[in-house]
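Novice: These protein sequence lines are chains G and W, in that order. Each residue of the first sequence is one higher than the one before, counting from 6 in the working numbering. Each residue of the second sequence is one higher than the one before, counting from 6 in the working numbering.
Accuracy of the hints is not assured; some may be wrong.
Simulated crosslink set (BS3-like; lysine-lysine; CA at most 25 Å straight-line) [what the hints assert, rightly or not]:
#1 W:Lys285 / W:Lys186
#2 W:Lys252 / W:Lys178
#3 W:Lys200 / W:Lys252
#4 W:Lys147 / G:Lys43
#5 W:Lys294 / W:Lys305
#6 G:Lys43 / G:Lys200
#7 G:Lys103 / W:Lys23
#8 G:Lys233 / G:Lys207
#9 G:Lys310 / W:Lys103
#10 W:Lys310 / G:Lys103
#11 G:Lys103 / W:Lys22
#12 G:Lys310 / G:Lys294
#13 W:Lys114 / G:Lys22
#14 G:Lys43 / G:Lys114
#15 G:Lys23 / W:Lys114
#16 G:Lys114 / G:Lys200
#17 G:Lys23 / W:Lys103
#18 W:Lys233 / W:Lys296
#19 W:Lys103 / G:Lys22
#20 W:Lys23 / G:Lys114
#21 G:Lys186 / G:Lys282
#22 W:Lys233 / W:Lys207
#23 G:Lys147 / W:Lys43
#24 W:Lys233 / W:Lys305
#25 G:Lys43 / W:Lys43
#26 W:Lys114 / W:Lys186
#27 W:Lys114 / G:Lys43
#28 G:Lys114 / W:Lys22
#29 W:Lys43 / G:Lys114
These are computed hints drawn from the structure, not numbers from a lab.
There are 2 protein chains.
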Amino acid sequence: MPVKRIGEIALIEEIRKKFPQRRREILTSIGDDAMVFKNGLIVSTDSFVEGVHFDLRYFNFYQLGFRTMAGSVSDLAAMAAEPICALVSLYLPRSVRKRDVSQLYQGFKLLADRFRMDISGGDIVESPYWGVTLTVIGYTRKPLLRSTARPGDGLYVTNYLGLAETGRIVLQKGYPKNLFKCAIRRHLLPEPRVKEARVLIKYTSAGIDTSDGLSTDALHLADESGVKIVIDADSLPIHSELRGLLKYRRIDPVRFILSAGEDFEMLFTARRVPDFKSVKIFRIGRVDKGKGVWLEHSGKITPLKPTGFEHLK
Amino acid sequence: MPVKRIGEIALIEEIRKKFPQRRREILTSIGDDAMVFKNGLIVSTDSFVEGVHFDLRYFNFYQLGFRTMAGSVSDLAAMAAEPICALVSLYLPRSVRKRDVSQLYQGFKLLADRFRMDISGGDIVESPYWGVTLTVIGYTRKPLLRSTARPGDGLYVTNYLGLAETGRIVLQKGYPKNLFKCAIRRHLLPEPRVKEARVLIKYTSAGIDTSDGLSTDALHLADESGVKIVIDADSLPIHSELRGLLKYRRIDPVRFILSAGEDFEMLFTARRVPDFKSVKIFRIGRVDKGKGVWLEHSGKITPLKPTGFEHLK
Numbered sequence: 006m007p008v009k010r011i012g013e014i015a016l017i018e019e020i021r022k023k024f025p026q027r028r029r030e031i032l033t034s035i036g037d038d039a040m041v042f043k044n045g046l047i048v049s050t051d052s053f054v055e056g057v058h059f060d061l062r063y064f065n066f067y068q069l070g071f072r073t074m075a076g077s078v079s080d081l082a083a084m085a086a087e088p089i090c091a092l093v094s095l096y097l098p099r100s101v102r103k104r105d106v107s108q109l110y111q112g113f114k115l116l117a118d119r120f121r122m123d124i125s126g127g128d129i130v131e132s133p134y135w136g137v138t139l140t141v142i143g144y145t146r147k148p149l150l151r152s153t154a155r156p157g158d159g160l161y162v163t164n165y166l167g168l169a170e171t172g173r174i175v176l177q178k179g180y181p182k183n184l185f186k187c188a189i190r191r192h193l194l195p196e197p198r199v200k201e202a203r204v205l206i207k208y209t210s211a212g213i214d215t216s217d218g219l220s221t222d223a224l225h226l227a228d229e230s231g232v233k234i235v236i237d238a239d240s241l242p243i244h245s246e247l248r249g250l251l252k253y254r255r256i257d258p259v260r261f262i263l264s265a266g267e268d269f270e271m272l273f274t275a276r277r278v279p280d281f282k283s284v285k286i287f288r289i290g291r292v293d294k295g296k297g298v299w300l301e302h303s304g305k306i307t308p309l310k311p312t313g314f315e316h317l318k
Numbered sequence: 006m007p008v009k010r011i012g013e014i015a016l017i018e019e020i021r022k023k024f025p026q027r028r029r030e031i032l033t034s035i036g037d038d039a040m041v042f043k044n045g046l047i048v049s050t051d052s053f054v055e056g057v058h059f060d061l062r063y064f065n066f067y068q069l070g071f072r073t074m075a076g077s078v079s080d081l082a083a084m085a086a087e088p089i090c091a092l093v094s095l096y097l098p099r100s101v102r103k104r105d106v107s108q109l110y111q112g113f114k115l116l117a118d119r120f121r122m123d124i125s126g127g128d129i130v131e132s133p134y135w136g137v138t139l140t141v142i143g144y145t146r147k148p149l150l151r152s153t154a155r156p157g158d159g160l161y162v163t164n165y166l167g168l169a170e171t172g173r174i175v176l177q178k179g180y181p182k183n184l185f186k187c188a189i190r191r192h193l194l195p196e197p198r199v200k201e202a203r204v205l206i207k208y209t210s211a212g213i214d215t216s217d218g219l220s221t222d223a224l225h226l227a228d229e230s231g232v233k234i235v236i237d238a239d240s241l242p243i244h245s246e247l248r249g250l251l252k253y254r255r256i257d258p259v260r261f262i263l264s265a266g267e268d269f270e271m272l273f274t275a276r277r278v279p280d281f282k283s284v285k286i287f288r289i290g291r292v293d294k295g296k297g298v299w300l301e302h303s304g305k306i307t308p309l310k311p312t313g314f315e316h317l318k
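Produce the complete structure using the sequences and hints provided.
Specialist: So this is what it looks like as structure tokens:
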């Protein structure tokens, strides 16, 4: 059977079944944002491929470096870990210019410096296309997991969702950039919520970063925790630039947010939340007994299928 | 400047200069086979690209899984670490079949089971071509480094060199397989020297795995240790199957061994060595004061340029 018929998620589930975990050094692994060692080290790996994850027509190499490192560090933020270092695996075409690679590393460095991370090696290989695989390592005494949401919790998100995808569409379609500054910035230079997550860990029961789209990310929480998550459509915050996109495209903003990925905000469950100066927090739903993700709209609750991006599907 | 003019090694050196290491958790990083945490964890990452590292015309997916995992685990062996787990990043074309991915994982598993390693997650992304990036994690209280060879040491290698490249050529050119069984096996299913390295650490001053070709691997030892390495051409062991290749191709066996990579044997410096039942050890040279790699042939010593495989060159 071709993999595109089953998709990435089913493939990972199948792999997980075949590889029971047996090392006593490891706390959790396949199924969460990153693997967790009992000594507190957290390791995550993420790949970005030209033409699939990024388009060199509107990403310069500096932005590409920042963007890929931000996406990887967001996996550490998702577990409320402090970043320590990154290993860089580059797939480079032979025609690549040295200046491009230098700019890519400058982008890595800007993000890494923000969190005092080291770039600790990796490898460089020839390839027909650009590809970047980043392995990031962090530390936390108490990891924030996907599997510990409890009925009765509220569902919260940092900041507005759907902005990164708005920015991607604006750049791809050539809509006026000056009307979508926040959205474009979120697509090219997203901010992983490392510092916020280190505070949130005191309040949250479970959490994840929003990388696959709200419906899919919420399903990860519901599945791993064995709970039902109800998203309140009427309380989803809609950013003015996402509303601005409506002038150019017929979209339903709620459906858009449910499937738009790569905002790298924190989606989490908690009884109460702190106030941040750096970012707003919105309550967008709740955790109930049951399973799956549901959408509540004008008092009516319907089951929600994950519509986020999935590779190989 | 196009990167192919400067090559992978100069590029990595340039990157190293721009990224001074500052995290106190980390002992060594860019420049060795893997990065080393002060708590003893070792992390290494390695990438394999279709058409560059492997050819799907004569690798089946099971062999590909075994081969790529063996190559990565060899980086842990190079530092005399005990393997713990691996993270798998797959670049898969949309057309890939589920059976191919299952067989690939069976190959990973066979090698991983041998050392009681876990497969602890990773990610799967769409890509125009096959690519595999493996991040392996191991543990050692005392890592074997490249930077600690001392004048007066002997230079040793486990087993014969040049066999994997012999196997690759035989498969690519379609020479009779039954005459080159060891060589083909070394190319498709190499054995990382994990167990031997754990014993060797008691004897060796410095070490590396032979992945880039003897001349390049020896140069890594010489450069990182600040010593001169003299390879004794007359004592290089030549396997009968490499001699067999002479019937089909005009090659100089010594030159061949100096540049042929991916044998994943241990190249190390020591005052004395133990006996192994599992593998032969050959003394092939010595460490002197000075720098660079030199070849001694019939009593004459000449400087040796690295001729091993280098990406982007």
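Novice: So, against the hints stated earlier in the document, which numbers end up violated here?
Specialist: 3, 14
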